[in-house]
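Chains as they are written, first to last, in the working numbering: chain X, 6 to 275; chain G, 6 to 275; chain L, 6 to 275; chain R, 6 to 275.
It should be emphasised that the hints constitute simulated quantities derived from the structure, not laboratory data.
Be a bit skeptical, because a hint or two may be false.
All copies of an identical chain are treated as equivalent in the list; a pair is satisfied when it fits inside any one copy or across any two copies.
[Stated by the list, open to error] Within a straight-line C-alpha distance of at most 20 Å, the following computed PhoX-like cross-link-like pairs (lysine-lysine) qualify:
1) Lys194 with Lys93
2) Lys194 with Lys54
3) Lys194 with Lys223
4) Lys223 with Lys87
Number of protein chains: 4
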Amino acid sequence: MTALKKRVYKIIQPRKSQDLVSTVFDWLIVSLIAINVFVIVLDTFELPKTLSLILRIIDVTTVVIFTIEYTLRLWTADIIYKNKTPFKARLTYAFTFLMLIDLIAILPSYLRLVLYIDLDVLRIFRLLRIFWFFRIKREYIKSLSTIFDVFKKKALSLFFSIFIIFTLMVIASVLMYNAEKDAQPEVFKNALSGLWWSVITITTVGYGEIYPITAMGKVLGAFFSILSIGLIAIPTGIISAGFIERAREERMNAKGNKRFCPYCGKDVEE
Amino acid sequence: MTALKKRVYKIIQPRKSQDLVSTVFDWLIVSLIAINVFVIVLDTFELPKTLSLILRIIDVTTVVIFTIEYTLRLWTADIIYKNKTPFKARLTYAFTFLMLIDLIAILPSYLRLVLYIDLDVLRIFRLLRIFWFFRIKREYIKSLSTIFDVFKKKALSLFFSIFIIFTLMVIASVLMYNAEKDAQPEVFKNALSGLWWSVITITTVGYGEIYPITAMGKVLGAFFSILSIGLIAIPTGIISAGFIERAREERMNAKGNKRFCPYCGKDVEE
Amino acid sequence: MTALKKRVYKIIQPRKSQDLVSTVFDWLIVSLIAINVFVIVLDTFELPKTLSLILRIIDVTTVVIFTIEYTLRLWTADIIYKNKTPFKARLTYAFTFLMLIDLIAILPSYLRLVLYIDLDVLRIFRLLRIFWFFRIKREYIKSLSTIFDVFKKKALSLFFSIFIIFTLMVIASVLMYNAEKDAQPEVFKNALSGLWWSVITITTVGYGEIYPITAMGKVLGAFFSILSIGLIAIPTGIISAGFIERAREERMNAKGNKRFCPYCGKDVEE
Amino acid sequence: MTALKKRVYKIIQPRKSQDLVSTVFDWLIVSLIAINVFVIVLDTFELPKTLSLILRIIDVTTVVIFTIEYTLRLWTADIIYKNKTPFKARLTYAFTFLMLIDLIAILPSYLRLVLYIDLDVLRIFRLLRIFWFFRIKREYIKSLSTIFDVFKKKALSLFFSIFIIFTLMVIASVLMYNAEKDAQPEVFKNALSGLWWSVITITTVGYGEIYPITAMGKVLGAFFSILSIGLIAIPTGIISAGFIERAREERMNAKGNKRFCPYCGKDVEE
Numbered sequence: 006m007t008a009l010k011k012r013v014y015k016i017i018q019p020r021k022s023q024d025l026v027s028t029v030f031d032w033l034i035v036s037l038i039a040i041n042v043f044v045i046v047l048d049t050f051e052l053p054k055t056l057s058l059i060l061r062i063i064d065v066t067t068v069v070i071f072t073i074e075y076t077l078r079l080w081t082a083d084i085i086y087k088n089k090t091p092f093k094a095r096l097t098y099a100f101t102f103l104m105l106i107d108l109i110a111i112l113p114s115y116l117r118l119v120l121y122i123d124l125d126v127l128r129i130f131r132l133l134r135i136f137w138f139f140r141i142k143r144e145y146i147k148s149l150s151t152i153f154d155v156f157k158k159k160a161l162s163l164f165f166s167i168f169i170i171f172t173l174m175v176i177a178s179v180l181m182y183n184a185e186k187d188a189q190p191e192v193f194k195n196a197l198s199g200l201w202w203s204v205i206t207i208t209t210v211g212y213g214e215i216y217p218i219t220a221m222g223k224v225l226g227a228f229f230s231i232l233s234i235g236l237i238a239i240p241t242g243i244i245s246a247g248f249i250e251r252a253r254e255e256r257m258n259a260k261g262n263k264r265f266c267p268y269c270g271k272d273v274e275e
Numbered sequence: 006m007t008a009l010k011k012r013v014y015k016i017i018q019p020r021k022s023q024d025l026v027s028t029v030f031d032w033l034i035v036s037l038i039a040i041n042v043f044v045i046v047l048d049t050f051e052l053p054k055t056l057s058l059i060l061r062i063i064d065v066t067t068v069v070i071f072t073i074e075y076t077l078r079l080w081t082a083d084i085i086y087k088n089k090t091p092f093k094a095r096l097t098y099a100f101t102f103l104m105l106i107d108l109i110a111i112l113p114s115y116l117r118l119v120l121y122i123d124l125d126v127l128r129i130f131r132l133l134r135i136f137w138f139f140r141i142k143r144e145y146i147k148s149l150s151t152i153f154d155v156f157k158k159k160a161l162s163l164f165f166s167i168f169i170i171f172t173l174m175v176i177a178s179v180l181m182y183n184a185e186k187d188a189q190p191e192v193f194k195n196a197l198s199g200l201w202w203s204v205i206t207i208t209t210v211g212y213g214e215i216y217p218i219t220a221m222g223k224v225l226g227a228f229f230s231i232l233s234i235g236l237i238a239i240p241t242g243i244i245s246a247g248f249i250e251r252a253r254e255e256r257m258n259a260k261g262n263k264r265f266c267p268y269c270g271k272d273v274e275e
Numbered sequence: 006m007t008a009l010k011k012r013v014y015k016i017i018q019p020r021k022s023q024d025l026v027s028t029v030f031d032w033l034i035v036s037l038i039a040i041n042v043f044v045i046v047l048d049t050f051e052l053p054k055t056l057s058l059i060l061r062i063i064d065v066t067t068v069v070i071f072t073i074e075y076t077l078r079l080w081t082a083d084i085i086y087k088n089k090t091p092f093k094a095r096l097t098y099a100f101t102f103l104m105l106i107d108l109i110a111i112l113p114s115y116l117r118l119v120l121y122i123d124l125d126v127l128r129i130f131r132l133l134r135i136f137w138f139f140r141i142k143r144e145y146i147k148s149l150s151t152i153f154d155v156f157k158k159k160a161l162s163l164f165f166s167i168f169i170i171f172t173l174m175v176i177a178s179v180l181m182y183n184a185e186k187d188a189q190p191e192v193f194k195n196a197l198s199g200l201w202w203s204v205i206t207i208t209t210v211g212y213g214e215i216y217p218i219t220a221m222g223k224v225l226g227a228f229f230s231i232l233s234i235g236l237i238a239i240p241t242g243i244i245s246a247g248f249i250e251r252a253r254e255e256r257m258n259a260k261g262n263k264r265f266c267p268y269c270g271k272d273v274e275e
Numbered sequence: 006m007t008a009l010k011k012r013v014y015k016i017i018q019p020r021k022s023q024d025l026v027s028t029v030f031d032w033l034i035v036s037l038i039a040i041n042v043f044v045i046v047l048d049t050f051e052l053p054k055t056l057s058l059i060l061r062i063i064d065v066t067t068v069v070i071f072t073i074e075y076t077l078r079l080w081t082a083d084i085i086y087k088n089k090t091p092f093k094a095r096l097t098y099a100f101t102f103l104m105l106i107d108l109i110a111i112l113p114s115y116l117r118l119v120l121y122i123d124l125d126v127l128r129i130f131r132l133l134r135i136f137w138f139f140r141i142k143r144e145y146i147k148s149l150s151t152i153f154d155v156f157k158k159k160a161l162s163l164f165f166s167i168f169i170i171f172t173l174m175v176i177a178s179v180l181m182y183n184a185e186k187d188a189q190p191e192v193f194k195n196a197l198s199g200l201w202w203s204v205i206t207i208t209t210v211g212y213g214e215i216y217p218i219t220a221m222g223k224v225l226g227a228f229f230s231i232l233s234i235g236l237i238a239i240p241t242g243i244i245s246a247g248f249i250e251r252a253r254e255e256r257m258n259a260k261g262n263k264r265f266c267p268y269c270g271k272d273v274e275e
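Sequences and hints are given; from them, build the entire structure.
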């Protein structure tokens, strides 16, 4: 059983196994994801009954395959966490990001069957699995890893910058609501209307279905629009700095820190 | 009295005191701010009289607590500025950014009571106090400090870049007003209409309720839209450079400037 | 024949030949491109028959000249690839980016003549030839090369960042379609309507002809609008880092890597 | 006469003269510019006759003062270019950027008087003079200079990036016109309508008065909107790199290039 388990583990787990079966398996899963997303999109169209039926069959088939895959991954989870009991290993593994996304992705179909709840829309999160496929292929791994690593490293700074932006959006909401509520009572109904206005304006999307018409409102609108230039620059600056720092680190690693003081022989890291 | 004062000072002041009472106090204040913002937002909805009354009580309570806190902070201000007389110390402290924001935040409730002026909308500025809370917690302090420090360091450059952008907005206003005033007299009523157009366009918000329809107007519109790409790039570039320089400084400080010329022993800073 | 071929080669090929005939030829081609684009634009207007006829003659003339030039370039292709047989050389050359663009550019006129297919709109791709002209002139070559080189180097990272952005757009499509389909059935007809909404919103273009009106839709809309700030920052950060790395490389090349360990004489590259 | 001329020169020319008269003169000119811009803006409103008259008098006064200043600057121009004849010096000086802007700024008033041509709108360019004032004050000079210097250094790269963006806009115009001309003949009248669409979309302003409604049009629209993310990143990346390089240069200059190889004493510039 253990040998079989180890074999299944090597195939199933998104690791750098390069042998044929693993690769075929990976491509199979990616194709299923693509087909499934296609089905989810087609489901939103008016379709003849035959086509609808075919889509249902495809969808059920993919969910079954995903469920089998999920179960097999849970089963082989104890190989990853050698120190834990099988049960704890599986529990830990079930709460990793990848496994949680897969759960969200296959659960809707069962919820519909058992509890008649329609959360089919959550099926679209299966699309996120596509990134795990790319992380396997060595040729792609560096570029995509770089993007994710920069994000992980700067996550706290990015969170704070978005927090600052959102705080200013809330302040802008109340101020604009107050300025426009008498002139446009149906448009600016309450502070949440103000919040919708400030989010859409400060992100510069600017649909045009809600905007100030009073003088004070326009002063506020102009102020926060100009402010948005600086606000949007913060995440951009953080991420740019992140990419540049990472390029530095890669240069350092490549060189093997060959910078040393020849006099005393001590290493001088850059 | 002094021992009591010192104790109050340690609790009240947003410093790095890590003992239990200070921490409880900080969390209490943040909760009050959150509750208060929630009240300000709910106030914009149509509510049954009972709920309105409850909100009024909550609002009054929080204002009383904020006032007590403000007074206590003023009282303990002379401990911060040891060199000044108590009065001067309190005056200086009252004009710091944090204290001024708190004043703007608690004043409306009193203005309404005493002078019947409705500036309740200014209560939303209490939300800015949330940043001082985050600056205390050591885990968050580095990320948030970095963002604020980069802003402080580049403040003058940012001011000038916004000044340049605004100057070009004013020029665009007059030119566009002149181009469109005959074709759209109700939309482009005067130079201020032109200014509203140019702010909303150059920040790329582009609501769509005011835009050029003449040939000359469209040429100007296209010109300033393309120009906005370069203009918006300036603050972004300044802030990106700021983050990268700060990352450098932190690297230098971490190393302790271990770069020296072994020959003459003199420090060579990077 | 070979001497003639070599002469033609020196003139025709967009190389750094600086003699008079080559330069005259380059400017001639650029003028023809400009004239041709002008003709393509004018073709979209209602014009008197005489002017239409003149434009037709100009267009035919330019196509004939471009065809002759294309043929001559194919003919002299075997000089570029000395190792290959003339036929293979020409085949290889015919599939380079420049030659393919030229093919797309002259094919429409022949398709119309022979097969009566109207793909005249593809004529506008001749405009891309203008970049090859700029790459010749030494004064411009560095600036324009820098931009193209940074793009080539970061191509894979950029592709992945756009891929990530598009994946999130697809997820947003299905979620928004699901949220708005009951409230706005004519606007959000199917998942493709949702995709149009998410592309136009996440790129912050925000025309305003499609937007959420339900509470859930607005929550989604606000979430993805704020997310777009971070998403758009990724390509910007990648490209900024690219320009800075290239500036470093140019500094290193200029110095000739004059950084060495005086102790052992070994090169220490920065 | 020469002593008087030299005195006038020191006052009039926007140089770093710090004496009282020069400073007073600078502030006087800036005040006049501000007043004049205020007059230009007020001129766009409907005003009672008395106010209109006052504005006319102010405007005439400022124009007279600007003309006197312009003439005095021309007069003292020969001190700047000591090598040239007075006439050549004045001619050269008259064609510098600052003097040309001043000419555009004062000419309209004379054109209206003499030729009855109404180019009053050009008066707004006087506002650009405000930058020369800031360049004088030492406290501001570094920040503002940095912005202008980065722009000057990267001018060619920026020009090319805008050129690339505009070329793609033209290609998008013709493609979108072709896709939408049958479905929206009144909106997409000709290729210039397409150009207006592509400029407003690729700059992400997106007013919403012109947009694709056909499937092909939406595919093109989505493509160019996503492309705009990368296009807008180019000038941003160039400018960010510019600011970072400049920060490096300032660090190098501050240190005096203290990096040398201690073994052979040869300078190793960073």
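Against the structure, the hints come out as follows:
1. Lys194 with Lys93: neither (51 Å within a copy, 46 Å between copies)
2. Lys194 with Lys54: between (44 Å within a copy, 19 Å between copies)
3. Lys194 with Lys223: Close inside one copy (18 Å) and across copies (15 Å); limit 20 Å.
4. Lys223 with Lys87: neither (63 Å within a copy, 46 Å between copies)
Violated hints, listed in ascending order, are 1 and 4; each of the other numbered hints is respected by the structure.
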